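J.: One letter stands for each residue in the lines below.
2 protein chains.
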Amino acid sequence: MTAVLLAIGDEIVGGLTIDTNSAFLAERLRTIGVEPVGTLAAPDDEAAILRALERGLEDAAIVISTGGLGPTADDLTTACVAKLAGQELRLDESSLAKIEERFRARGREMTPNRKAAEAMPKNPAEAMPKNPAEAMPKNPAEAMPKNNRKQALFPEGSVIVPNPTGTAPGFICEVERGGRTRHVICLPGVPREMQRMLDETVLPWLEARSPQQRFSSRVFSTFGLAESKLDELLEGVVAPGEARLAFRAAFPRVQARLTVSGRAGDDLEERLDELEQRVRQRLGTHLYAVGDQGMEETVVGLLRQRGITMAVAESCTGGLIGHRITDVPGSSACFILDVVTYANEAKRNVLGVRVETLSEHGAVSTQTAEEMATGVRRLSGADLGVATTGIAGPGGATPGKPVGTVCIALAWEGGVWSRRYQLGARGRDWLKSWTAQLALDRVRRWVIEDHDEPDPPE
Amino acid sequence: MTAVLLAIGDEIVGGLTIDTNSAFLAERLRTIGVEPVGTLAAPDDEAAILRALERGLEDAAIVISTGGLGPTADDLTTACVAKLAGQELRLDESSLAKIEERFRARGREMTPNRKAAEAMPKNPAEAMPKNPAEAMPKNPAEAMPKNNRKQALFPEGSVIVPNPTGTAPGFICEVERGGRTRHVICLPGVPREMQRMLDETVLPWLEARSPQQRFSSRVFSTFGLAESKLDELLEGVVAPGEARLAFRAAFPRVQARLTVSGRAGDDLEERLDELEQRVRQRLGTHLYAVGDQGMEETVVGLLRQRGITMAVAESCTGGLIGHRITDVPGSSACFILDVVTYANEAKRNVLGVRVETLSEHGAVSTQTAEEMATGVRRLSGADLGVATTGIAGPGGATPGKPVGTVCIALAWEGGVWSRRYQLGARGRDWLKSWTAQLALDRVRRWVIEDHDEPDPPE
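So the sequence lines, in the order shown, correspond to chains V and Z. Heads up: the first sequence runs through residues 3 to 460, numbered per this note's numbering. Heads up: the second sequence runs through residues 3 to 460, numbered per this note's numbering.
None of these hints come from the bench; they were simulated from the model. All figures in this text were calculated on a predicted structure; none of them were measured in a lab. A portion of the hints provided could be inaccurate.
To be verified - Restricting the straight-line Cα-Cα distance to at most 20 Å, the calculated cross-link-like pairs of lysine to aspartate or glutamate (EDC-like) are:
#1 V:Lys85 <-> V:Glu158
#2 Z:Lys231 <-> V:Asp76
#3 Z:Lys85 <-> Z:Glu48
#4 V:Lys231 <-> V:Asp457
#5 V:Lys152 <-> V:Asp94
#6 V:Lys231 <-> Z:Asp76
Given the sequences, and given the hints that come with them, work out the whole structure.
T.: Below you can see the structure in the form of structure tokens.
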């Protein structure tokens with residue numbers, strides 16, 4: 003079964019919004035054996051939407067559209083699909099009731115927030131007065147605007163796709179083209195709503211129609227390998243026809259994905275388990291995770307598993323390491339403290355970096371990094387101290403230390419390690435991301451007692 | 003003049019890579035009066051690419067493709083365009099020379115990185131040995147692979163678009179369709195390379211061909227207004243035909259964009275200046291920036307302008323505030339210290355939060371937030387201390403403090419302010435982002451002595 007993905011909206015075609023829905027849909031469809039064969043985007047214009055739908059149905063058995071299901075006049079998807087299918091629009095009372103209920107509930111839900119919104123004093127030096135809380139939302143009834151009724155209209159005979167987290171339901175509409183039955187599936191453009199509707203209703207509906215072929219994928223995440231190097235390492239790891247192997251650079255990591263297919267009832271996971279063993283052997287410690295996870299998840303997992311606590315002292319990464327670590331639920335069990343010392347004074351006063359170290363070697367030096375790591379470890383009582391210092395640019399370069407000079411250090415009971423890297427002037431964001439990833443990778447390798455260096459960035 | 007954007011590649015259609023190029027192209031094209039009318043994506047398949055090119059040329063005067071210009075067998079764009087245009091492929095010696103030069107230079111550039119890659123000791127407890135540096139890259143000659151020669155082939159008569167940062171040049175090829183001259187412009191898929199080639203060669207080429215109409219836009223960034231509220235506030239701010247007004251939710255900010263058009267020689271900036279005054283009046287302090295910038299840029303700008311220094315104590319935001327602040331070049335002038343105290347012990351030991359405060363009111367309380375703000379201010383000597391503490395979830399909720407409870411505090415010479423917010427359980431990432439934005443907005447409003455609260459999130 004093939005599919006074309008169609009994003010609808012002026013904001014997509016005009017470049018104000020990046021279409022992330024089509025990629026999400028494509029990935030999910032492939033897991034159930036539906037092959038995406040193309041992507042289209044059309045503006046909020048009837049002729050353009052109709053043309054895109056027609057083209058989609060020329061190329062594939064299914065067109066899945068996102069967007070254009072809102073309540074306003076420029077939301078045209080439903081009307082276009084009805085026209086294409088030659089069906090009237092019919093009001094679905096059950097959907098209408100849900101939309102109305104949603105508006106009522108929102109009115110109520112907003113109350114506590116409004117209550118909490120006491121006014122801040124006009125003069126910041128004043129003590130905070132306890133203003134009486136606003137007891138009611140600004141629109142107490144929060145009645146449903148009339149035009150939301152439009153969202154309960156569907157082409158006659160459609161399968162309705164409920165939207166548990168928003169107002170716009172979707173629908174699946176049958177269309178005859180060239181003597182064949184094809185389908186248009188319409189979902190809202192809000193990613194969170196669309197994703198849940200896809201998983202809960204659309205994928206099961208599609209699976210029920212194509213019970214033959216099944217697909218399953220596994221992702222392997224690496225850091226410090228160029229895509230071409232990863233390709234080389236995995237050459238011949240699967241025999242032709244055994245699985246499909248694809249590569250993806252998802253900065254700063256590089257991933258490989260294996261996809262196997264079979265009939266319903268085949269144990270695809272078992273086949274992936276076997277292939278995973280071969281991949282693991284080839285990649286060794288370059289592989290930091292099986293799955294699409296960040297290095298921070300692996301690090302938190304390892305630290306928790308071994309009962310190791312960590313503290314971080316950041317200069318050039320500016321809080322990014324802490325931010326990434328604290329994105330992982332449960333990180334509080336191993337992450338004690340992060341000190342971002344952008345100023346030299348703070349490096350001295352808070353972390354105890356010595357004046358002589360800073361004056362002799364500079365803030366960006368392995369010596370300073372080591373004293374930062376040791377200092378934050380002492381301050382926090384953590385088992386492991388990690389430090390970064392570097393020149394993110396655009397300013398700050400000195401003779402012998404160009405933009406992109408970075409030092410990383412680790413300190414633990416009885417030992418310290420540090421290294422200086424030249425990562426090049428590739429922009430502030432790039433340098434922060436790469437340095438944070440590198441530091442997390444050093445923590446990972448320290449824990450597993452593997453000390454290979456990743457390749458320098460390409 | 004109209005354009006269709008075409009992204010080429012299996013990774014796009016298959017959903018492994020999100021196409022960001024089309025949105026970038028669309029935005030840029032609109033600034034010179036070229037109207038994007040649709041977007042297509044095609045896999046690495048000759049028939050599919052040819053079909054997409056034909057469709058694009060049906061809809062618009064220009065098709066701009068990205069991707070498929072690489073050296074390997076599945077890079078088909080150039081061959082497809084030549085076929086479409088009925089032209090032979092011809093080798094461009096000057097492009098070939100540049101590609102070869104690039105490979106030679108890369109061989110040389112890699113040496114210092116490899117030199118720096120001393121091995122880490124196998125046992126982390128060992129002192130770091132000074133291993134001799136690898137003096138040479140692994141492939142010393144780094145000769146150009148044969149298949150890169152393909153990247154110097156172009157359809158006869160094309161205008162070549164140089165690529166200053168990568169190997170694949172692009173080209174502009176004339177195609178006759180329905181008695182009209184149309185153009186296919188092919189650029190590589192790597193965003194950084196594509197963007198520079200667009201700005202340096204393609205846009206000037208397009209401008210030279212359509213000297214009539216010019217467009218100019220201005221973006222207004224707000225925080226704490228729902229999109230519908232912003233719409234309401236700006237209703238009627240421009241007369242019909244005077245400018246185009248569009249809205250965009252770019253979480254956690256909401257933006258309005260005004261676009262004016264005129265003929266070459268018209269002073270569009272002057273007209274935008276005048277409109278900006280009206281927008282400013284309507285939005286007041288909800289407007290935090292004119293332009294597409296983050297709140298952190300505004301905050302760093304204000305602090306530097308007024309000579310105020312800041313220190314941050316983060317709990318639930320986990321380093322995100324520091325990360326955002328340090329994304330701004332020059333932030334080191336006002337940003338002294340950030341302490342991420344995830345553990346209560348660290349709150350006590352590093353920031354001096356009192357044991358009784360933690361036991362009586364809990365870590366997530368306005369009292370703890372105030373002591374964190376005061377503590378980090380004292381520790382750093384900064385003018386302003388800012389603190390966040392909250393329950394990001396999924397765990398950590400206690401009776402009366404559900405997931406999404408957040409406290410923010412500011413401390414300055416002679417004053418302290420704090421507030422508790424109920425932001426709801428919308429996921430960890432969401433809560434960190436919103437809380438960081440809210441804290442930065444409180445700093446902004448403190449500096450400009452405006453103390454309105456933003457609306458609660460929708």
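J.: Of all the hints given earlier, name the ones this structure violates by number, lowest first.
T.: none
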